[in-house]
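*Asks:* Chain residues, written in single-letter form:
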Amino acid sequence: MSEDINVDELNQRLGLLEGVENADVEQYLSFFLDNEEYAVDILRVQEIRCWEGATVIPNSPVSVKGVMNLRGTIVPVMDLRLRLGLPEQAYKPLTVVIVLKFETSDGREKISGVVVDAVADVHSISPDDIQQAPELSSNVNATFVKGLGCTESGALILLDPDTLLAI
Amino acid sequence: MKKILAVDDSASMRQMVSFTLQRAGYKVTEAKDGVEALGIAKNETFDLVLSDVNMPNMDGISLIRELRTLPEYKFVPLLMLTTESGLDKKTEGKQAGATGWIVKPFNPDQLIATLGKVLR
Amino acid sequence: MTVDLSQFYQVFFDESLEGLDAMEAELLRYSAGTQDDESINTIFRAAHSIKGGSGTFGFDSIAGFTHVLETLLDQIREGQRELTNQHIDLLLQSIDCLRDMINRLSAGDDSVPDSAAQLKAAFEAILNDENELGPEPEALQAKQILEETSSLEQLADTQTLGWKVTFVPSEDILMTGNEPLFLIQELTELGDHEVELITEHIPQWQQLKPEYCYLRWVVKLYCDCTEQQINEVFEWVADECEIKIEKLQTKSEQSIPAKHPPLTSTQPQTAMQSVTQTTDSNEQIEQTKPVVNKPAKSKQADANSIRVGIDKVDSLINMVGELVITQAMLSQLFESEMTSQTLSRMKEGLAQLEHNTRDLQESVMRIRMLPISFVFSRFPRLVRDTGQKLGKKIELVLQGESTELDKTVMEKISDPLVHLVRNAIDHGLELPEQRLAAGKPETGKVTLNSYHQGGNVVIEIIDDGKGLDPVKIKNKAIANGLISASDELSEEQVNLLIFEAGFSTAEAVSDLSGRGVGMDVVKSNIQALNGTVDVESEVGKGTTFRIRLPLTLAILDGQLVRIGQHIYIIPLVNIIESLQIDPKGVSRIGGEYDVLHLRGEYVPIVCLADVFLHKADAQSLTEGLLVVVEVDGGKVGIFVDDLLAQQQVVIKSLEANYNKVEGISGATILGDGTVSLIIDIISLVRMAGVKSMATANLVSTDVNAEGV
Chain A
0 MSEDINVDEL
10 NQRLGLLEGV
20 ENADVEQYLS
30 FFLDNEEYAV
40 DILRVQEIRC
50 WEGATVIPNS
60 PVSVKGVMNL
70 RGTIVPVMDL
80 RLRLGLPEQA
90 YKPLTVVIVL
100 KFETSDGREK
110 ISGVVVDAVA
120 DVHSISPDDI
130 QQAPELSSNV
140 NATFVKGLGC
150 TESGALILLD
160 PDTLLAI
Chain B
0 MKKILAVDDS
10 ASMRQMVSFT
20 LQRAGYKVTE
30 AKDGVEALGI
40 AKNETFDLVL
50 SDVNMPNMDG
60 ISLIRELRTL
70 PEYKFVPLLM
80 LTTESGLDKK
90 TEGKQAGATG
100 WIVKPFNPDQ
110 LIATLGKVLR
Chain C
0 MTVDLSQFYQ
10 VFFDESLEGL
20 DAMEAELLRY
30 SAGTQDDESI
40 NTIFRAAHSI
50 KGGSGTFGFD
60 SIAGFTHVLE
70 TLLDQIREGQ
80 RELTNQHIDL
90 LLQSIDCLRD
100 MINRLSAGDD
110 SVPDSAAQLK
120 AAFEAILNDE
130 NELGPEPEAL
140 QAKQILEETS
150 SLEQLADTQT
160 LGWKVTFVPS
170 EDILMTGNEP
180 LFLIQELTEL
190 GDHEVELITE
200 HIPQWQQLKP
210 EYCYLRWVVK
220 LYCDCTEQQI
230 NEVFEWVADE
240 CEIKIEKLQT
250 KSEQSIPAKH
260 PPLTSTQPQT
270 AMQSVTQTTD
280 SNEQIEQTKP
290 VVNKPAKSKQ
300 ADANSIRVGI
310 DKVDSLINMV
320 GELVITQAML
330 SQLFESEMTS
340 QTLSRMKEGL
350 AQLEHNTRDL
360 QESVMRIRML
370 PISFVFSRFP
380 RLVRDTGQKL
390 GKKIELVLQG
400 ESTELDKTVM
410 EKISDPLVHL
420 VRNAIDHGLE
430 LPEQRLAAGK
440 PETGKVTLNS
450 YHQGGNVVIE
460 IIDDGKGLDP
470 VKIKNKAIAN
480 GLISASDELS
490 EEQVNLLIFE
500 AGFSTAEAVS
510 DLSGRGVGMD
520 VVKSNIQALN
530 GTVDVESEVG
540 KGTTFRIRLP
550 LTLAILDGQL
560 VRIGQHIYII
570 PLVNIIESLQ
580 IDPKGVSRIG
590 GEYDVLHLRG
600 EYVPIVCLAD
610 VFLHKADAQS
620 LTEGLLVVVE
630 VDGGKVGIFV
640 DDLLAQQQVV
650 IKSLEANYNK
660 VEGISGATIL
670 GDGTVSLIID
680 IISLVRMAGV
690 KSMATANLVS
700 TDVNAEGV
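Protein chains in written order, with numbering that gives the first Met the number 0: chain A, 0 to 166; chain B, 0 to 119; chain C, 0 to 707.
Derived by calculation from the structure, the hints in this document are not laboratory data.
If you want the footprint, here are the derived chain C segments under chain A, 3+ residues with CB under 8 Å:
| no. | region |
| --- | --- |
| 1 | 608-614 |
| 2 | 642-653 |
| 3 | 671-679 |
Where a beta carbon is used, it is the ideal one built from N, C-alpha and C, also for glycine.
Assemble the whole structure, with the sequences as input and the hints as a guide.
*Replies:* Right under this line is the structure:
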């Protein structure tokens with residue numbers, strides 16, 4: 000897995016994915032947070048952007064960095080480290096924003112950006128290789144975790160955007 | 000492609016008629032009342048005019064009467080859309096020069112089938 | 000061919016509702032005695048269109064219901080019957096019922112309101128009672144025809160010999176647009192056939208008129224079609240032409256024709272098409288069944304459509320055209336060599352682009368603008384009903400109905416307006432005898448007026464009733480603890496008290512206005528639209544409520560303000576003035592917040608940095624600026640580091656992807672692409688824990704009592 004993965008190239012790959020749905024294998028986009036590899040269902044990923052700052056929302060939870068302008072749409076941005084209770088880290092050039100689609104508890108579709116340390120890779124995981132998450136030793140909130148995905152390179156923590164982004 | 004002028008003050012009927020006729024391969028121009036229809040018909044000839052009877056400004060029967068006096072429309076089929084309650088309107092329409100009538104309510108298939116009487 | 004009729008449902012619903020509005024308006028003119036010759040035609044046409052459309056689109060409940068209405072209206076239109084008050088009442092109730100039915104259908108619900116059957120029965124009773132023709136004569140006729148048809152079908156079933164049809168067209172048949180050839184073709188499509196052309200009636204060429212038809216036909220049909228089907232072919236020409244239909248009886252005539260039946264050479268088209276075509280007669284019958292489609296439940300229920308005049312769309316297209324030209328010019332300039340000349344032309348081009356953009360923006364906004372008559376039109380009915388209920392005589396005057404207003408604003412102003420009009424009738428206008436005693440005309444007058452003023456729309460609700468009673472209002476306010484007896488208030492200040500929460504001047508809560516909704520709700524609804532409302536009144540003469548609204552909700556004029564690194568927008572409409580604070584005028588109330596003494600008023604100071612927990616540059620009140628805004632009729636100062644530009648901003652939703660944020664009404668995107676949040680003054684002041692200043696100014700007791 001390469002740390003210097005290119006944002007434009009990833010967006011292109013995302014574009015190619017549109018409409019291609021394979022029932023046997025699900026694809027996951029993985030990223031790093033505090034040296035651990037996490038992943039989300041790639042069909043939930045709308046695009047990946049470089050961190051360009053956000054406008055602070057007054058009196059919002061610490062994990063909400065603010066709102067950004069996504070081609071005319073106002074989109075909130077969340078710091079995933081803070082959301083998962085991991086130590087805060089200053090943003091670096093590799094820091095990216097993954098724009099995720101999610102559904103609120105009342106069934107409305109929204110989008111939100113999440114700030115991660117760096118994007119890692121795209122993995123194909125068959126549903127059989129996803130295990131229920133055991134009681135995690137780390138302090139990651141278990142409700143955000145959909146399961147553990149096994150790949151050749153190791154285990155991925157699969158996150159559920161719907162619970163992760165519900166604020 | 001045969002050209003039809005469809006006249007009705009009701010937008011939904013006009014759209015339905017127009018959509019149906021276009022699907023059947025006709026070129027359709029719409030007008031919302033007799034006055035508008037007459038203006039259009041004077042500038043452009045049509046192979047058939049299909050008009051509602053009850054309309055503001057100029058009703059369908061007056062429109063047919065006016066059209067029939069125009070040399071370009073001497074032989075053009077002029078059909079009126081009537082309701083079953085307008086039986087006496089049929090006679091009035093025929094006297095004004097109407098070719099025939101289509102009774103509302105009708106469905107798209109009936110409309111196309113009926114046009115076959117005068118447009119082939 | 001399959002045509003999905005459901006695609007036309009929404010248009011049908013929209014136009015039917017419009018038709019019902021028109022019907023209602025004309026009926027009300029009748030009841031006011033101001034109808035004209037076209038009124039009954041307009042009413043009839045609306046009912047007629049709804050019936051026609053509902054029949055076509057398979058909404059049988061509506062078609063059946065409107066049928067009785069239409070029959071009655073037709074008789075009135077033809078002068079066979081007078082339009083009575085009873086009819087008007089019934090028709091108005093039917094309009095309500097039809098609206099209900101249409102709204103249910105558009106929500107995918109095909110149930111029928113209970114009132115429908117009653118109303119229909121009432122109409123039928125009218126038609127029956129006074130109509131010697133009997134109930135629904137056409138329905139009876141139709142039934143008879145149906146019975147005839149079926150008996151004929153049975154006949155056809157038993158004998159399959161066929162028919163001999165002799166067709167003698169009238170000589171001028173071509174002048175009616177009918178074409179005998181097509182009729183014969185249609186006839187031959189019924190089944191196996193033999194066609195004989197009779198040419199012996201063609202005159203000598205000297206007498207021959209080229210536009211006349213001298214040909215006759217005899218067609219033998221060897222199929223089990225019905226006489227009805229043959230008659231249908233000639234339906235349009237039956238009156239002028241001779242058509243003889245005989246049964247083919249003898250065995251010899253029944254002989255099956257050759258594959259290529261003998262046809263005259265003058266009809267090549269017929270020959271081509273007539274090659275043994277058999278049409279299934281059952282299929283024909285099936286086609287005459289009305290298509291019944293249930294409205295699609297999805298989407299349509301919340302389809303929020305807007306009908307736009309073609310002129311608005313045209314102007315939009317023009318603007319886009321200009322924009323394209325400007326863009327082309329600019330990109331051409333960009334490719335050419337850079338000289339001082341191209342630079343100045345590029346400057347011009349940019350100015351042009353700015354101009355185009357502004358025009359385009361205005362045109363787009365105009366699309367959302369509708370004449371206020373959309374709201375005003377519901378008042379004739381409301382005034383009539385309310386007046387009847389209260390026993391008051393009322394004349395309603397509508398002015399400035401073509402004044403345009405944003406569709407969203409229009410939808411939201413409707414309820415407050417209804418409340419104000421009800422209020423004017425209920426509390427403003429006197430009973431006829433009281434009016435006469437006061438030397439006024441018996442009939443009271445309520446005027447709704449609208450006009451544009453600056454960037455605002457003004458709506459006035461004027462009545463010539465008894466006016467607000469300042470003494471009564473004051474006493475009530477004292478009783479409610481809104482003011483103290485010692486307060487010195489001007490008459491305007493007293494009148495404004497009616498907008499305070501829980502205030503009601505009616506001695507007894509009436510059925511009409513006393514619905515638990517007070518003027519305070521009216522006021523906050525209007526404020527939520529960035530609007531204002533005030534009142535002018537003269538005892539014995541009447542009252543005027545004046546509402547001011549922004550033209551649109553999509554754009555607002557904003558003042559950009561800065562706190563530290565954060566930029567917020569305050570709507571310009573809220574701002575009274577901006578000033579530097581003179582520390583000598585500041586005092587601290589209850590140890591909670593500062594108040595500025597400004598020209599005889601106490602203005603509480605809300606420090607934006609404190610409310611939003613931002614780090615400000617200003618360390619003291621002298622280092623920043625105070626933006627004085629109006630809230631609930633009082634003043635509040637908002638303390639910021641600096642004022643930046645004033646500009647128009649396009650309002651974007653924060654809730655679309657996030658949540659509602661307290662103190663914030665929305666967001667916008669600034670010129671540099673960053674997001675800036677728009678401050679919701681009312682909510683901000685509430686957050687700051689400052690009490691509504693209208694009362695804070697009036698009441699000298701502890702202002703913190705109700706602080707949040």
